[in-house]
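Student: Please construct the entire structure, taking both the sequences and the accompanying hints into account.
The listed protein sequences correspond, in order, to chains A and B. Per the UniProt record's numbering, residue 1 is the first one in the first sequence, and the count goes up by one each step. Per the UniProt record's numbering, residue 1 is the first one in the second sequence, and the count goes up by one each step.
None of these hints come from the bench; they were simulated from the model. Bear in mind that the values here come from a model prediction, so they are computed numbers and not experimental data. Just so it is clear, CB atoms sit at the ideal spot from N, CA and C, and this is done for glycine as well. There's no promise every hint is true.
Computed Cβ-Cβ distance ranges for the label pairs, DEER-style [said to hold, decoys possible]:
| # | chain 1 | residue 1 | chain 2 | residue 2 | range |
| --- | --- | --- | --- | --- | --- |
| 1 | A | Y332 | B | T122 | 56 to 64 Å |
| 2 | B | E230 | A | I297 | 30 to 38 Å |
| 3 | B | V191 | A | E165 | 52 to 60 Å |
| 4 | B | P184 | A | Q309 | 42 to 50 Å |
| 5 | B | V191 | A | R143 | 17 to 25 Å |
| 6 | B | S110 | A | S107 | 52 to 60 Å |
| 7 | B | V191 | A | Y20 | 32 to 40 Å |
| 8 | B | Q204 | A | Q226 | 55 to 63 Å |
| 9 | B | S110 | A | I297 | 43 to 51 Å |
| 10 | B | P194 | A | Q226 | 19 to 27 Å |
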Amino acid sequence: MSLLIMTPGLLTTVQDLGRYGYQQYGIIAGGAMDSYALRMANLLVGNDEWEAGLEMTVTGPEITFAEPSLISICGGGLSPMLDEHPLPLWRTVYAPKGARLHFGRLSRGCRAYLAVAGGIAVPVQLNSRSTYLRAGIGGHQGRALRSGDVLPVGTPTLRGEVWTEMLTKINGPESLSVSRWFPAYSLIPSYNEIPVLRVIAGEEFHSFREESRERFLSEPFTILPQSDRMGYRLSGSSLNLVREQSLISSAVTYGTVQVPTGGSPIILMADRQTTGGYPKLAQVITADLPLLAQAKIGSAVRFRLITLQEAQEQLLQQELELRRLRLVLEHYY
Amino acid sequence: MGETTDGREFMPNIPGNPGSARIVPLGDSAAVVILGDSISLQIHYRVRALCSYLEHHPFTGMAELVPSFTSIAVYYDGLAVLKAYPGYIRPGGEYYPFPVVAALLEMMLSHIDDEPPPQPRTVRIPVYYGGEAGPDLEFVAEHNGLLPQQVIDIHSSAEYLVYMLGFAPGFPYLGGLPSSISTPRRLSPRVAIPAGSVGIAGDQTGVYPLETPGGWQLIGRMPLSLFKPESVPPTLLQAGDTVRFYPISRREFMEWGEDLP
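Tutor: Written out as structure tokens, the structure is:
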């Protein structure tokens, strides 16, 4: 089984849920920016959530399926088409041999995830298949995909095989078929134009001037063009400390809102460094990271402060809902 | 509230109290144990001891540890923590993962004085000093009123401690540069510095792991890679290591077996 990359799109990389256990060595966690969408796409093709898929950014790639494949596309609206048929997101799709996946106009969000039954079977490096662009490891040869790349696909699970059989019964093995089942609407995030991201106070929250804190929590901030998988640079009000202080470098994580001297905040994203020394104003809650990951360059975000308890309750609820979906899917064949 | 083994009352949440620690959240999936507020050997040893204890006695749901100069970030899976410690409710009755993790960490802190001190490894690193590998050696010498050879002798006779790794894969934050060769950064940074370059910036010395721009004063270059993705662990150095540099000739540098990074 393999995928042929005809054109790569703007930035298409192999990603799984990240490289864990190596941050103590300065090796970044990386992984899918919108891990929720990748997990869903995996579940919808019968994969383990940890399998690798493709993260496609703004302009999607063109891909040919060398063999019949069970696929799912979740996340941002990059208007996927299989040959001439528009494909819905958040579904299980049977793609016949030789089918060509391509993308159209960008609507909601900016990153879509393609999962294939069996997963993208590039070698595991340091416990993950995620592409680590700067160090040139993981993914497909440690880099973003290019025209002509051929990606290996693993063996589908029994569940994947059974779903393929169910879907081919509808139109036959030569034709596209889309599942009538899909996750409950409550499980599908709505990637709003101006998302309100819930944050908890960062370690230096109270070292910022009160008016800076108030501005952070009331005004919109625009995502600047210098933003990437490492960090989102924000423009907007300058945020300042009560008095300048130099901090000792310590761990930072996905969603950490840090403010370098100069006062413009940066939100650390999937490819953030393991440690940092700038004041930590806030932390975007894990449950809202998908909304942040789907916010486009040039668009605005807002912040709302909640408590750690609320943040953890949100995360647990999201995890329990995914777990429930997984249990249902595991019995649906 | 736990008690340390020597009977001192353990006081979380009180910063600056010697022997005390603070446990604060880093987002909703990690807790940070802060063991001090300045860089010192004593605090570094406590960081190492807690890391070592946690590696040998992980709690259920503990995912990953990231030690730094004065603190350790402990990443965890909240769902696994609540499932494993269902009855663990603190006074006040809050029931969500962080207080449970904080209580577990407090308990573990009381054990770190029993941890055998880690046996530091000494890693010897060959450096080709001066020449095209160390274009700023002369400047460092002049700045400190020394001859270039004296800078080499001083740099290669000191012992350095790897306080932590961060910034880039395998990049060591080294302590122990003799003040007699400390030199401020260059006024205009170089556009590209080759990987393996050994430099001085203020009172720090370090090695560039990847080719990057930078303003360090370059005194030499090593023929080893800091990041070794195929090795276990995947880095030349680990936190807690002792590092010694030793001079090699240009020829030895060129003929070094390992591929240059």
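Student: Next, verify each hint and record whether it holds.
Tutor: Right, here's what the structure says about each hint:
For the pair A:Y332 and B:T122, the beta carbons lie near 58 Å from each other, so the given range of 56 to 64 Å is met. Our hint of 30 to 38 Å for B:E230 and A:I297 holds, since their Cβ atoms are close to 36 Å apart. With their beta carbons about 58 Å apart, B:V191 and A:E165 fall inside the hinted range of 52 to 60 Å. Checking the proposed 42 to 50 Å range against B:P184 and A:Q309 shows it holds: the Cβ atoms sit about 47 Å from each other.
Between B:V191 and A:R143 the Cβ separation comes to about 23 Å, which falls inside the hinted range of 17 to 25 Å. As the Cβ distance of B:S110 to A:S107 is approximately 55 Å, the hint placing it in 52 to 60 Å holds. Restraint check, B:V191 to A:Y20: a C-beta distance of roughly 34 Å satisfies the suggested window 32 to 40 Å. Between B:Q204 and A:Q226 the beta carbons are some 28 Å apart, a value that contradicts the proposed interval 55 to 63 Å.
Between B:S110 and A:I297 the beta carbon distance is about 49 Å. The supplied range of 43 to 51 Å therefore holds. For B:P194 paired with A:Q226, a C-beta distance near 26 Å keeps the hint of 19 to 27 Å intact.
When the structure is compared with the earlier hints, a violation turns up for hint 8 alone.
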